[in-house]
Amino acid sequence: MFSWQTQPLTGLNFLGMVIGAVIVLMVVLVVVMYTIYFERKVIGWMQNRIGPNRVGPFGLLQSAADVFKLLLKEDIVPANADRLMFMIAPIIAFVPSFMVLAVIPYTAAHVFTAGLNVGVLYYIALSSISIVGIVLGGWASNNKYSLVGGLRSAAQMISYEIPLGLSILGVIMLSGSLNLNTIVAHQATDRFGWYIIPQIIGFVVFVIAAIAELNRTPFDLPEAESELVAGYFTEYTGFRFAFYMLSEYVYVFAIASLGTTLFLGGWEGPFLPSWLWFALKTSLFIFFLFWVRATMPRIRIDQLMSFAWKVLIPVALFNILLTGALSLIL
Amino acid sequence: MFFGLPITGETIAFFLLALIIIVSAVFMLSLTNVMHMAVSLVGVFLGVAGVFILLGADFVGLVQIMVYAGAITILMVFSLMLTHRGLGEHAVREVGAMRGTTTFAGIAVLVAIVLYAIRNAQWPGNTTALQPFHQSTVTLIANAIFQQYTVPFELVSAVLTVALVGSVVIARKEE
Numbered sequence: 001m002f003s004w005q006t007q008p009l010t011g012l013n014f015l016g017m018v019i020g021a022v023i024v025l026m027v028v029l030v031v032v033m034y035t036i037y038f039e040r041k042v043i044g045w046m047q048n049r050i051g052p053n054r055v056g057p058f059g060l061l062q063s064a065a066d067v068f069k070l071l072l073k074e075d076i077v078p079a080n081a082d083r084l085m086f087m088i089a090p091i092i093a094f095v096p097s098f099m100v101l102a103v104i105p106y107t108a109a110h111v112f113t114a115g116l117n118v119g120v121l122y123y124i125a126l127s128s129i130s131i132v133g134i135v136l137g138g139w140a141s142n143n144k145y146s147l148v149g150g151l152r153s154a155a156q157m158i159s160y161e162i163p164l165g166l167s168i169l170g171v172i173m174l175s176g177s178l179n180l181n182t183i184v185a186h187q188a189t190d191r192f193g194w195y196i197i198p199q200i201i202g203f204v205v206f207v208i209a210a211i212a213e214l215n216r217t218p219f220d221l222p223e224a225e226s227e228l229v230a231g232y233f234t235e236y237t238g239f240r241f242a243f244y245m246l247s248e249y250v251y252v253f254a255i256a257s258l259g260t261t262l263f264l265g266g267w268e269g270p271f272l273p274s275w276l277w278f279a280l281k282t283s284l285f286i287f288f289l290f291w292v293r294a295t296m297p298r299i300r301i302d303q304l305m306s307f308a309w310k311v312l313i314p315v316a317l318f319n320i321l322l323t324g325a326l327s328l329i330l
Numbered sequence: 331m332f333f334g335l336p337i338t339g340e341t342i343a344f345f346l347l348a349l350i351i352i353v354s355a356v357f358m359l360s361l362t363n364v365m366h367m368a369v370s371l372v373g374v375f376l377g378v379a380g381v382f383i384l385l386g387a388d389f390v391g392l393v394q395i396m397v398y399a400g401a402i403t404i405l406m407v408f409s410l411m412l413t414h415r416g417l418g419e420h421a422v423r424e425v426g427a428m429r430g431t432t433t434f435a436g437i438a439v440l441v442a443i444v445l446y447a448i449r450n451a452q453w454p455g456n457t458t459a460l461q462p463f464h465q466s467t468v469t470l471i472a473n474a475i476f477q478q479y480t481v482p483f484e485l486v487s488a489v490l491t492v493a494l495v496g497s498v499v500i501a502r503k504e505e
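Each protein sequence line maps, in turn, to chains A and B. Take the first sequence: its letters are residues 1 to 330, numbered as in the numbering used here. Take the second sequence: its letters are residues 331 to 505, numbered as in the numbering used here.
It is worth saying that the hints were derived from the structure and are not from the lab. Incorrect hints may have been included.
As a list, the in silico SDA-like pairs of lysine to any residue whose alpha-carbon atoms are at most 25 Å apart [as the list claims (entries may be wrong)]:
id, chain 1, residue 1, chain 2, residue 2
1, A, K144, B, K503
2, A, K310, B, N363
3, A, K144, B, V486
4, A, K310, B, H464
5, A, K310, B, V495
6, A, K144, B, S497
7, A, K310, B, F408
8, A, K310, B, S487
9, B, K503, A, S159
10, A, K310, B, M365
11, A, K310, B, A501
12, A, K144, B, M365
13, A, K310, B, E484
14, B, K503, A, L304
15, A, K310, B, S497
16, A, K310, A, D190
17, A, K144, B, V495
18, B, K503, A, W275
19, A, K144, A, V207
20, A, K144, B, L494
21, A, K310, B, I500
22, A, K144, B, V489
23, A, K73, B, L412
24, A, K310, A, K144
25, B, K503, A, G165
26, A, K73, A, V111
27, A, K144, B, E484
28, B, K503, A, P218
29, A, K310, B, V486
30, B, K503, A, Q303
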């Protein structure tokens, strides 16, 4: 029932897929809740604060309480907002963020993973739809801060999607496949080990572009609390606000999983079970994102664009050239 | 059997996708707010991508999502946000009874002709039994682009680069 990668689509397999998707959704919701808790604790620790410690032991239930609060809050639609667009924009932003998780190989058994031949492309293609949701949310709010936030995020996410795609290209050239399962399997037998070693330039570009795609702190201009009062979701409250936050943190998990799969060997590793290796590497990646957030100041909007187009893209192109030349020579 | 079509999962998926495409296209034409039209166009793009995937062309389908539903839509929305006033009022013209009837008759004739042509077309054998691709579509496309049609592909990329640089030059002329 749960081995649909090798079997034809029947009613029972379809039921298995639905159950699998629900299980993944539940796991992801818990992961997101504790990612937020982890972020607040880590940043508190780095800034010499305590962080959440009131709700439950060590503040472990703080995120649960926050989610509960958001769900109970009144759902306000501003009077001058475009009502329909305002309501569907968070859904357009969230749905792709969950759909991209379908191709991530969590374990060696591929229980909840689609064996898609174009898995990498699937991730990049779907994540670009989320931008539409963000821009629409900013536009429909009919608020100048939201509009500026929406425009900024569209420009930024479109620009940084290019180096993100180009940095993955080196990995694809080494493994000869767009299928994430095959990429992980290749890393186990590759003579250079995990692709972070032969693709170190690609990995650096990937991490920078990933942080920009996530709108996280050195690149958080679309939401910039201090100048745009949270940008595209200024007008959102309660449930719909929760949807935007949820999609943001699901993307944190998704991009960390993608980075783990492409560069850190995915579920590969000795002694421990494969899912634990995957969880450890992904947690490390997420921790790195929070570390960067606590360390770096926000960069300026003009520097942001010229950095993407004049630094990251040439470096990523050079990496592709280098990978091609080296794989011909070696 | 439904109009000579066997009812399988693929047929149902096709009709659902066709419904999405047609409904989104009709919305695209009938809505008056430009931003709403852009969003309904996303529905058309996603539906077409679904049809590609249903036909086994997964690579083309995902490129369709990335380029059209992602990039082109953002470009449209972006330019609308910078130029259009957005929520401004739009004049809705009343369509006369005469014009409505003629439009309906025209569409009916068109549908009849297209249906007749499709029903009478000669297909090469039983199409449902055909397997469209014997290999991964990625491999097939790569072979076509980088072996069979290398020169035209490189020429097209050169033309696109020239167009890109040219547009930047024209845009910066005023300074």
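Now for the hints, and whether the structure bears them out:
1. A:K144 x B:K503: Not satisfied, since the Cα-Cα distance of roughly 30 Å exceeds 25 Å.
2. A:K310 x B:N363: violated (37 Å)
3. A:K144 x B:V486: Cα-Cα ~41 Å, so violated.
4. A:K310 x B:H464: violated (42 Å)
5. A:K310 x B:V495: holds (15 Å)
6. A:K144 x B:S497: violated (30 Å)
7. A:K310 x B:F408: Given pair K310 (chain A), F408 (chain B) holds - Cα atoms ~22 Å apart, limit 25 Å.
8. A:K310 x B:S487: Satisfied, since the Cα-Cα distance of roughly 20 Å is no more than 25 Å.
9. B:K503 x A:S159: Holds. K503 (chain B) to S159 (chain A) sits at ~23 Å (cutoff 25 Å).
10. A:K310 x B:M365: Violated: K310 (chain A) and M365 (chain B) sit about 32 Å apart, past 25 Å.
11. A:K310 x B:A501: holds (18 Å)
12. A:K144 x B:M365: Holds. K144 (chain A) to M365 (chain B) sits at ~17 Å (cutoff 25 Å).
13. A:K310 x B:E484: Between K310 (chain A) and E484 (chain B) the Cα gap is close to 24 Å, so the pair holds against 25 Å.
14. B:K503 x A:L304: holds (24 Å)
15. A:K310 x B:S497: Cα-Cα ~18 Å, so holds.
16. A:K310 x A:D190: violated (32 Å)
17. A:K144 x B:V495: violated (33 Å)
18. B:K503 x A:W275: violated (56 Å)
19. A:K144 x A:V207: Since the Cα atoms of K144 (chain A) and V207 (chain A) sit roughly 31 Å apart, the hinted pair is violated (cutoff 25 Å).
20. A:K144 x B:L494: violated (31 Å)
21. A:K310 x B:I500: holds (20 Å)
22. A:K144 x B:V489: violated (39 Å)
23. A:K73 x B:L412: Violated. K73 (chain A) to L412 (chain B) sits at ~33 Å, over the 25 Å cutoff.
24. A:K310 x A:K144: violated (30 Å)
25. B:K503 x A:G165: violated (31 Å)
26. A:K73 x A:V111: Violated, at roughly 37 Å.
27. A:K144 x B:E484: violated (44 Å)
28. B:K503 x A:P218: Given pair K503 (chain B), P218 (chain A) is violated - Cα atoms ~33 Å apart, limit 25 Å.
29. A:K310 x B:V486: Holds, at about 24 Å.
30. B:K503 x A:Q303: Within the cut-off at roughly 23 Å; holds.
Of the numbered hints given earlier, the model fails hints 1, 2, 3, 4, 6, 10, 16, 17, 18, 19, 20, 22, 23, 24, 25, 26, 27, 28; all others are met.
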